[in-house]
Amino acid sequence: MAPTKIEQGHGRIVLRNDASGNVFSELAATYPLKLLAPRLPSQNVSIVYMLSYGGGLVGGDRIRLDVEVHDAACLAILSQGSTKVFKTRPGQRLSANDHIHPVTAQSLNVRVAPACALFLLPDPVTCFRDAKYHQIQTFHLSKNSSAVLLDWVTSGRKSLGEEWVFSRYYSLIEVFVDNDRIAKDAMLLDERNPDGSPFTHRSLADSLAPYSCYATVIIYGPLVRDVMQHLSAAYTAITVFKQHAPPSLLWSFSPICSGEGCIVRVAAKETEYVKHWLGKALWDLEKILGIDVYRRAFS
Amino acid sequence: MDSDHEAYILLLLSDSNLPTGSFVASAGLESYVTHGFFSDLSPATLQSPPEKMDCTVNFLRDNLSTYAHSALPFVLDTHRAVDQYLQHADSDPASPAMRRILQLDELYESMTLNHITRRASKSQGVALLTLFSKGFSQPRLSGHFDPSADLIDSRAANASVLVDRLKLLIRKEETHGHLPICWGVLTAALGLSSDRSQYLHLFLQARSVLSSSVRLNTIGPYAAQQLLLHAVRPLVDYEMAQCKHLTAGLLPSPTGDESENANDDEIRGPAMTWPLGEILAARHDLQHSRIFNS
Numbered sequence: 035m036a037p038t039k040i041e042q043g044h045g046r047i048v049l050r051n052d053a054s055g056n057v058f059s060e061l062a063a064t065y066p067l068k069l070l071a072p073r074l075p076s077q078n079v080s081i082v083y084m085l086s087y088g089g090g091l092v093g094g095d096r097i098r099l100d101v102e103v104h105d106a107a108c109l110a111i112l113s114q115g116s117t118k119v120f121k122t123r124p125g126q127r128l129s130a131n132d133h134i135h136p137v138t139a140q141s142l143n144v145r146v147a148p149a150c151a152l153f154l155l156p157d158p159v160t161c162f163r164d165a166k167y168h169q170i171q172t173f174h175l176s177k178n179s180s181a182v183l184l185d186w187v188t189s190g191r192k193s194l195g196e197e198w199v200f201s202r203y204y205s206l207i208e209v210f211v212d213n214d215r216i217a218k219d220a221m222l223l224d225e226r227n228p229d230g231s232p233f234t235h236r237s238l239a240d241s242l243a244p245y246s247c248y249a250t251v252i253i254y255g256p257l258v259r260d261v262m263q264h265l266s267a268a269y270t271a272i273t274v275f276k277q278h279a280p281p282s283l284l285w286s287f288s289p290i291c292s293g294e295g296c297i298v299r300v301a302a303k304e305t306e307y308v309k310h311w312l313g314k315a316l317w318d319l320e321k322i323l324g325i326d327v328y329r330r331a332f333s
Numbered sequence: 187m188d189s190d191h192e193a194y195i196l197l198l199l200s201d202s203n204l205p206t207g208s209f210v211a212s213a214g215l216e217s218y219v220t221h222g223f224f225s226d227l228s229p230a231t232l233q234s235p236p237e238k239m240d241c242t243v244n245f246l247r248d249n250l251s252t253y254a255h256s257a258l259p260f261v262l263d264t265h266r267a268v269d270q271y272l273q274h275a276d277s278d279p280a281s282p283a284m285r286r287i288l289q290l291d292e293l294y295e296s297m298t299l300n301h302i303t304r305r306a307s308k309s310q311g312v313a314l315l316t317l318f319s320k321g322f323s324q325p326r327l328s329g330h331f332d333p334s335a336d337l338i339d340s341r342a343a344n345a346s347v348l349v350d351r352l353k354l355l356i357r358k359e360e361t362h363g364h365l366p367i368c369w370g371v372l373t374a375a376l377g378l379s380s381d382r383s384q385y386l387h388l389f390l391q392a393r394s395v396l397s398s399s400v401r402l403n404t405i406g407p408y409a410a411q412q413l414l415l416h417a418v419r420p421l422v423d424y425e426m427a428q429c430k431h432l433t434a435g436l437l438p439s440p441t442g443d444e445s446e447n448a449n450d451d452e453i454r455g456p457a458m459t460w461p462l463g464e465i466l467a468a469r470h471d472l473q474h475s476r477i478f479n480s
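Chains as they are written, first to last, in the numbering used here: chain Y, 35 to 333; chain G, 187 to 480.
These are computed hints drawn from the structure, not numbers from a lab. Here the structure is a predicted model, which is why all the values come from computation and not from measurement. Certain hints may be false.
[Stated by the list, open to error] Covered stretches of chain Y (in silico footprint by chain G; criterion: 3 or more residues with CB under 8 angstroms from a CB of chain G, positions within the stretch not fixed):
1. 83–96
2. 297–303
[Said to hold, decoys possible] From chain Y, some residues computed to sit far from chain G (all C-beta separations above 10 angstroms):
3. Lys39
4. Ile40
5. Gln42
6. Glu60
7. Leu61
8. Ala71
9. Ser76
10. Ser113
11. Gly115
12. Phe120
13. Ala217
14. Ala267
15. Thr270
16. Thr273
17. Tyr307
18. Leu312
All C-beta atoms in this analysis are idealised placements derived from N, C-alpha and C, irrespective of residue type, glycine included.
Bound-form chain Y, shown alone (with noise of 0.2 angstroms):
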């Protein structure tokens, strides 16, 4: 049942739960966004793969794709593969009439209903060289529905020696509950601009140095109560001592809107590092998820 017409680069999930089981009343996407929800044995957990066609972004795509969740429905949404964001389409050139959209852009607007849950466990973010990137997210929470909303980025194609080399990274995560704000958090990873700069260029390398992939996690809500307690408990059981090098990963744990929510951040000098940490801190999400969607997020 899409509705008769969508913009380009625009995609729609409404997910319902009726007697049966779970039940997709929208699900529709146009170029360049596809959206596939593949079966899976629970009845009361669905997912939506987010995808571009080509595997990637360009610069001046457009994506905007608005969720519901009703009924006290689970959805999952992931990627497959790190959504990498290019600054112009492969093979095209750059001529003088060419009005490409310098800044590429991903919008989700994600409505959460009351004993309804969310899971955005995608890929990383992964911004090749000179590509400029801004990433809108808001949710609306109600007070007893619960979310863990993954975000993360790369340094680059590691493998052709881009290390923080892109242009602009710039996320923005809005979370409210019942009209209320509890977290703003704007990430603004920008190349600096060295005029009027008194000293050598410092690059976005250099500060973000020696770590290759950053990642926020905001968790709220009952469901996952488990999830923040263990990350909690973990958290306030580290001692540091002076070191004399920076460890191959660091994290933190921050709690948000009276201890109802947290906020995590991971560090790591390898994508793989932050990914197997974040499997192992949201292990208990499995009991929620199902093994089958768990490994499908995580491995």
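Following the hints, put chain G in place on chain Y, whose structure we already have.
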């Protein structure tokens, strides 16, 4: 406000003895040092170990950049709201200005997503308001001031009312009292221009980092002084140029459509620019031994 008065206020506010509580805050520097970031991070170099002064400036540059991007918009917006109120205030209660301050304070709270920074920001914010009412109010001094001369102008009186109300709301835990907000209130109340206010705020942040560095014994007091003269000024100028026009953005419209921003090339709002600094600052309390509170 004449420039003599402004210069005098600047002298007072830049006094390092002001009881603002900043001496217990290292802005994440202590954790940065403990976690081994004063080592050479560039791979495969055989050069001599990095100078501690260089490492200090690395931290200073990254820290100032992220602080300028996240705090200056709130200083500016708060300053504007208070200044407007003080210019046009009649006897009417400060409600529109106060509402705006509370919105900004709430937004700053929701954007400051690590508990250590939030804690430090709140205690320093409240200290500034206390400084204003206790340290900058007109003393009685009846033996010296002529009681017939009315020295308190209406602007100062209105400012006191505003600050007292804000303090009360913070004490009742109805708002947070974050540092950039309280700084905006204080400097507008004292008649400093928004430009000067932002500049001084960044300068004080930088100086506080350098004082922490001296207390941590990573650089000596003379080195800190050298950096203040030769490094901090151009750094503060640079960050001012990047960030002084940023604003906190439109205030809560939960139903509003933020995705419009996605099509916007410019980033006009506050942002955190150094995720590594966030993680390290949030790990402050995990250190086995520590001399600062943040």
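| request: Mind verifying the non-interface call on Y:Ala267? Its CB should be farther than 10 angstroms from each CB in chain G. | output: Holds: least Cβ distance 13 angstroms, greater than 10 angstroms.
| message | Using Cβ atoms and 10 angstroms as the threshold, tell me whether Y:Thr273 really stays out of contact range of chain G. | response | Non-interface label fails for Y:Thr273: nearest chain G Cβ at 5 angstroms, not farther than 10 angstroms.
| query | Does Y:Ser113 sit more than 10 angstroms from chain G, CB to CB? | reply | holds, 18 angstroms
| Per-stretch coverage check for the segment 83–96 of chain Y, three Cβ contacts closer than 8 angstroms to chain G | With 1 residues in contact (Cβ-Cβ under 8 angstroms with chain G), the coverage given for the segment 83–96 of chain Y is violated.
| query | Can we trust that Y:Phe120 is non-interface, i.e. its beta-carbon lies farther than 10 angstroms from all of chain G? | reply | Non-interface label on Y:Phe120 holds, nearest chain G Cβ at 18 angstroms vs cutoff 10 angstroms.
| query | Y:Ile40 clear of chain G by more than 10 angstroms, beta carbon to beta carbon? | reply | holds, 15 angstroms
| field | Non-interface label on Y:Thr270, tested against every C-beta of chain G at 10 angstroms | value | Y:Thr270 is in fact no farther than 10 angstroms from some Cβ atom of chain G, at 8 angstroms.
| said: Using Cβ atoms and 10 angstroms as the threshold, tell me whether Y:Ser76 really stays out of contact range of chain G. | reply: Answer for Y:Ser76: holds, closest chain G Cβ roughly 31 angstroms.
| message | Taking 8 angstroms as the Cβ threshold, is the statement that the segment 297–303 of chain Y is covered by chain G upheld or broken by the three-residue rule? | response | Coverage by chain G holds here, the residue count being 4 at a Cβ distance below 8 angstroms.
| said: So Y:Ala217 supposedly isn't at the interface. Is its beta-carbon more than 10 angstroms from every beta-carbon in chain G? | reply: violated, 6 angstroms
| query | So is Y:Tyr307 really clear of chain G, every C-beta pair being over 10 angstroms apart? | reply | holds, 14 angstroms
| task | Quick one: work out the minimum CB distance from Y:Lys39 to chain G and report holds if it exceeds 10 angstroms, violated otherwise. | result | holds, 19 angstroms
Hints 1, 13, 15, 16 from the list above are not met by this structure, while the remaining hints are.
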